[in-house]
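Let's have the full structure, built from the sequences with the hints guiding it.
Residue numbers (the working numbering), protein chains in the order written: chain A, 1 to 476; chain B, 1 to 476.
I should point out that these hints are in silico values taken from the structure, not numbers from a laboratory.
A few of these clues could be false.
As the list makes no split between identical chains, a pair holds if one copy fits it or if it spans any two.
[What the hints assert, rightly or not] In silico lysine-lysine, DSS-like type, Cα no more than 25 Å apart, as pairs:
(1) Lys416 with Lys432
(2) Lys40 with Lys433
(3) Lys85 with Lys248
(4) Lys10 with Lys176
(5) Lys85 with Lys176
(6) Lys3 with Lys176
(7) Lys433 with Lys458
(8) Lys247 with Lys85
(9) Lys3 with Lys433
(10) Lys40 with Lys425
(11) Lys416 with Lys458
Given the structure is predicted, the values throughout are model-derived calculations rather than measurements.
Listed here are the chains, written in short residue letters.
There are 2 protein chains.
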Amino acid sequence: MWKPDRQHKKPLYIQIADHLAHRIGCGEFPPGSLLPSERKLAEQLDVNRSTVILAFAELRAAGMIESRTGSGTRVSTSKWGATPKLTPNWRRYAEGGNFLPNVPFLRRIREALLQNPQLIDFASGELAADLAPIQEITKLMSEHQYTSYLGYDNPQGYIPLRQALVTYLSDYRGIKATESSILITSGSQQSLHLIAQCLLAPGDAIAIEDPSYNYSLPMFQSAGLRLFRLPVDEHGVQPDDIRSLYKKHRIKMVFLNPNFHNPTGTLYSEERRQQVLDAASELGLPIVEDDPFSLTAYDGSPPPPLKALDSSGSVLYIGSFSKIAASGLRIGWMVAPHSIVERLADARQQIDFGLSIIPQQVVAQFLQSAYFAPHLERLRAQLQFKRDLTIEALNSELSGLIEYAVPQGGLHLWVKLLPDIPDNKLFEEAVKKGVIFVPGSVYGSDASFVRFTYGRAKAEEIQEGIAKFADALREL
Amino acid sequence: MWKPDRQHKKPLYIQIADHLAHRIGCGEFPPGSLLPSERKLAEQLDVNRSTVILAFAELRAAGMIESRTGSGTRVSTSKWGATPKLTPNWRRYAEGGNFLPNVPFLRRIREALLQNPQLIDFASGELAADLAPIQEITKLMSEHQYTSYLGYDNPQGYIPLRQALVTYLSDYRGIKATESSILITSGSQQSLHLIAQCLLAPGDAIAIEDPSYNYSLPMFQSAGLRLFRLPVDEHGVQPDDIRSLYKKHRIKMVFLNPNFHNPTGTLYSEERRQQVLDAASELGLPIVEDDPFSLTAYDGSPPPPLKALDSSGSVLYIGSFSKIAASGLRIGWMVAPHSIVERLADARQQIDFGLSIIPQQVVAQFLQSAYFAPHLERLRAQLQFKRDLTIEALNSELSGLIEYAVPQGGLHLWVKLLPDIPDNKLFEEAVKKGVIFVPGSVYGSDASFVRFTYGRAKAEEIQEGIAKFADALREL
Numbered sequence: 001m002w003k004p005d006r007q008h009k010k011p012l013y014i015q016i017a018d019h020l021a022h023r024i025g026c027g028e029f030p031p032g033s034l035l036p037s038e039r040k041l042a043e044q045l046d047v048n049r050s051t052v053i054l055a056f057a058e059l060r061a062a063g064m065i066e067s068r069t070g071s072g073t074r075v076s077t078s079k080w081g082a083t084p085k086l087t088p089n090w091r092r093y094a095e096g097g098n099f100l101p102n103v104p105f106l107r108r109i110r111e112a113l114l115q116n117p118q119l120i121d122f123a124s125g126e127l128a129a130d131l132a133p134i135q136e137i138t139k140l141m142s143e144h145q146y147t148s149y150l151g152y153d154n155p156q157g158y159i160p161l162r163q164a165l166v167t168y169l170s171d172y173r174g175i176k177a178t179e180s181s182i183l184i185t186s187g188s189q190q191s192l193h194l195i196a197q198c199l200l201a202p203g204d205a206i207a208i209e210d211p212s213y214n215y216s217l218p219m220f221q222s223a224g225l226r227l228f229r230l231p232v233d234e235h236g237v238q239p240d241d242i243r244s245l246y247k248k249h250r251i252k253m254v255f256l257n258p259n260f261h262n263p264t265g266t267l268y269s270e271e272r273r274q275q276v277l278d279a280a281s282e283l284g285l286p287i288v289e290d291d292p293f294s295l296t297a298y299d300g301s302p303p304p305p306l307k308a309l310d311s312s313g314s315v316l317y318i319g320s321f322s323k324i325a326a327s328g329l330r331i332g333w334m335v336a337p338h339s340i341v342e343r344l345a346d347a348r349q350q351i352d353f354g355l356s357i358i359p360q361q362v363v364a365q366f367l368q369s370a371y372f373a374p375h376l377e378r379l380r381a382q383l384q385f386k387r388d389l390t391i392e393a394l395n396s397e398l399s400g401l402i403e404y405a406v407p408q409g410g411l412h413l414w415v416k417l418l419p420d421i422p423d424n425k426l427f428e429e430a431v432k433k434g435v436i437f438v439p440g441s442v443y444g445s446d447a448s449f450v451r452f453t454y455g456r457a458k459a460e461e462i463q464e465g466i467a468k469f470a471d472a473l474r475e476l
Numbered sequence: 001m002w003k004p005d006r007q008h009k010k011p012l013y014i015q016i017a018d019h020l021a022h023r024i025g026c027g028e029f030p031p032g033s034l035l036p037s038e039r040k041l042a043e044q045l046d047v048n049r050s051t052v053i054l055a056f057a058e059l060r061a062a063g064m065i066e067s068r069t070g071s072g073t074r075v076s077t078s079k080w081g082a083t084p085k086l087t088p089n090w091r092r093y094a095e096g097g098n099f100l101p102n103v104p105f106l107r108r109i110r111e112a113l114l115q116n117p118q119l120i121d122f123a124s125g126e127l128a129a130d131l132a133p134i135q136e137i138t139k140l141m142s143e144h145q146y147t148s149y150l151g152y153d154n155p156q157g158y159i160p161l162r163q164a165l166v167t168y169l170s171d172y173r174g175i176k177a178t179e180s181s182i183l184i185t186s187g188s189q190q191s192l193h194l195i196a197q198c199l200l201a202p203g204d205a206i207a208i209e210d211p212s213y214n215y216s217l218p219m220f221q222s223a224g225l226r227l228f229r230l231p232v233d234e235h236g237v238q239p240d241d242i243r244s245l246y247k248k249h250r251i252k253m254v255f256l257n258p259n260f261h262n263p264t265g266t267l268y269s270e271e272r273r274q275q276v277l278d279a280a281s282e283l284g285l286p287i288v289e290d291d292p293f294s295l296t297a298y299d300g301s302p303p304p305p306l307k308a309l310d311s312s313g314s315v316l317y318i319g320s321f322s323k324i325a326a327s328g329l330r331i332g333w334m335v336a337p338h339s340i341v342e343r344l345a346d347a348r349q350q351i352d353f354g355l356s357i358i359p360q361q362v363v364a365q366f367l368q369s370a371y372f373a374p375h376l377e378r379l380r381a382q383l384q385f386k387r388d389l390t391i392e393a394l395n396s397e398l399s400g401l402i403e404y405a406v407p408q409g410g411l412h413l414w415v416k417l418l419p420d421i422p423d424n425k426l427f428e429e430a431v432k433k434g435v436i437f438v439p440g441s442v443y444g445s446d447a448s449f450v451r452f453t454y455g456r457a458k459a460e461e462i463q464e465g466i467a468k469f470a471d472a473l474r475e476l
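Laid out in structure tokens, this is it:
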């Protein structure tokens, strides 16, 4: 992001006025649109508010912007729009549409991280940079050519990657699949999106876990689905809850995350897995099994996924490269009956026309390489180490004020706060102190929960981050 | 795709039965689902229909499948589903959802190309493999590291690519943009999808060109939009048509492709550009300008896009790497007011959680490299050469039976057939002869048009391809 140059002989406020004039001239802020507030701009540009006030005065004097008390500062229409030209009411368009905006807290988290990259990050649901197999991938990329073909890919995904996944799924997850039953997607997120948009219709009822994956909630709501919740106890969801939702609301699908559930870390028990499958096959009800974390099982032996036990063909299985290696390649996969794979591959032609070939090649090679197994081993050890650091810090800093279950895999720790503190206040105070996390309310939970993604934080920052969090908590 | 091994001592029908049993066991064809027909399987596997009949008999004898006259062959539920287990009715799910399937002809084209890769391809709307800058990209990839960061990308797109595009847009398209006013997308397709889904609501009316881009039609319909058509004459659409659609239907947006329009090849005249912009600013109506082809202008000087002339801030501009370099990297961009970019970047977190970083790095480097300008020059010369070959072949083979305008840029030739021949018959006959194209009906046009994408065909095959097409035409 642009910042004024303090060494430059041009005064800061003139630099800022010039910069804003440029952005206005480029159409980033069209005639009639609202500029960011003086306070916000001052924060973004790291200057005093008075400097922004001076810059705005410059632009006002030039006729470029207009301020009206109580309604902020807008780009003037007379100068830029030259009556009788009408600029579209972009704000109305931005507020229209089918898609609900994301939960405000998630946008606030993104904003806070952009504004201050120094924050100790327990919020982003991904691996820390030092856990990604960067060296291995660099090595593979230097050894292979990636550019023999650069046209549109098969809409179902790059064939050699699907072939590599047939082996991977059989070796690591006990799932028998064929090339034709696999769809490559942009991470789990796109699998979920395609299912919600293409297999369900507005008004359909579905069941999700409570608490549940934060990016899924607005995504399901954007598709017009009615959401019903299945409480997660220490063994998973209860099959009778599924039966009663089916009876009452004719739910059309059940979304589960049985292996180190996000955010609670719960690992479904074997008995519960079987019971859930029995309920599904009794009702002819599809289960979507989201399985991004299982290979992080700290003891090295994740239980078989529902899909591997699924004798009635009830499970759509979703996997991902993001939480076991690198989220930035954006590679995930779905295993499904052929009719479903065909349908989703067809729909995706309207959405993005398939994925880039290069990252698919990289993932195919990595999964088949001798690097993969040792990488997983290192990953598991490191995650367990970070989990232990986090728990140690929490126990020493917040003993008696918190409750949690110790996760046996995954990236997340779900902590119940015994004092009842408003989400929003705790969050802002923690950000001020230099640490960021995801508040429980984002998952549809009570306000008094917090998700710490220890998998994302740097090991050497964990103690300090938890101490800052404890400071914030004590302050309130 | 799997084919039986003719050298193997196991009889073909047993190989096929084993293969199908494996696919059934893997859940690709769940209990109760329909298997492909004997005729279709025989075609796919390149065997006689009688071989497939024998293979089905094997599976039937093993209780794996059931055939009922008139309703095809299904995977048996008693063997695989073991009553009282119920498999979800996957077919019903596949037929549900918001998303309309693509035009059947587009699916037929995809299928035909998969079945016979030897077809002379005038159908796929992309560059031929030999026009992509494969060597240059290979060289760049060997010179740079791509893996310094492999976490989630900024939802608006990779910052260095947005910076490279600011320069590219200014140098090549006369568009002043800033980093914050650019959104990186998976080709133009995703820009169009995001606009349709996030800025418009079901029931909204929009205007599109007639004929119009083939993948847009179902995509707009899937978003529940009402489509109205603006006829394209040799200079573009008529501004008064826009005004009258606005008056009658309160259209909310106009989608245009003013530079070497797909499929007609039309280049909007300067006067028409200005008139269209005037109509938009008079009505406060947004124009979406899709501009994938302009840099292919054979004379090397494409006219300025609407966006460069847009003094009222009415234009959302869409560009793409696909038609000027390589579609398989899946990189496109949108230039829009900040409020729109922010909205779409937020929504995309629900759809795919951003793009892979690696192809964005590759494109940023290519656009800034010394390879880019010479690549464009070569591309233009080659496309013009292929256009000339196509026209020459058409004139010698079909003189008097066709009409067309000579395109001055782009990849496509839009040909009117004077004899009135049903689309479907001509298409199937041509495929039989070994050549494939897109029939005009796909673009919502009269049946008697054909789009030849000479940019996709190999130069040495053009004469032969057109001759095969002429054969097919004469046969009917």
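Results for each hint:
Only within a single protomer do lysine 416 and lysine 432 lie at most 25 Å apart by alpha-carbon distance; the minimum there is 22 Å, versus 67 Å between protomers. For a Cα distance limit of 25 Å, the shortest separation of lysine 40 from lysine 433 inside one copy, 19 Å, qualifies, whereas the shortest one across copies, 66 Å, does not. For a Cα distance limit of 25 Å, the shortest separation of lysine 85 from lysine 248 across copies, 21 Å, qualifies, whereas the shortest one inside one copy, 55 Å, does not. In this assembly of identical chains, lysine 10 and lysine 176 lie within 25 Å of each other by CA distance solely across copies; the values are 23 Å between and 67 Å within a copy.
Taking the closest pair of Cα atoms, lysine 85 and lysine 176 come within 25 Å of each other only across two copies (20 Å); inside a single copy the shortest separation is 62 Å, beyond that limit. For the homomeric pair lysine 3 and lysine 176, the shortest alpha-carbon distance between copies (20 Å) is at most 25 Å, but the shortest distance inside one copy (54 Å) is not. In the homo-oligomer, the alpha carbons of lysine 433 and lysine 458 lie at most 25 Å apart inside one protomer (17 Å), although the nearest pairing across protomers, at 62 Å, exceeds that limit. With identical chains, the CA atoms of lysine 247 and lysine 85 are at most 25 Å apart between copies only, with a shortest distance of 17 Å across copies and 58 Å within one.
In the homo-oligomer, the alpha carbons of lysine 3 and lysine 433 lie at most 25 Å apart inside one protomer (23 Å), although the nearest pairing across protomers, at 63 Å, exceeds that limit. Taking identical chains as interchangeable, the C-alpha atoms of lysine 40 and lysine 425 lie at most 25 Å apart only when both belong to the same chain, with a minimum of 19 Å there against 64 Å between chains. In this homomeric assembly, lysine 416 and lysine 458 come within 25 Å of each other (Cα to Cα) only inside a single copy, at 23 Å, whereas the closest approach across copies is 64 Å.
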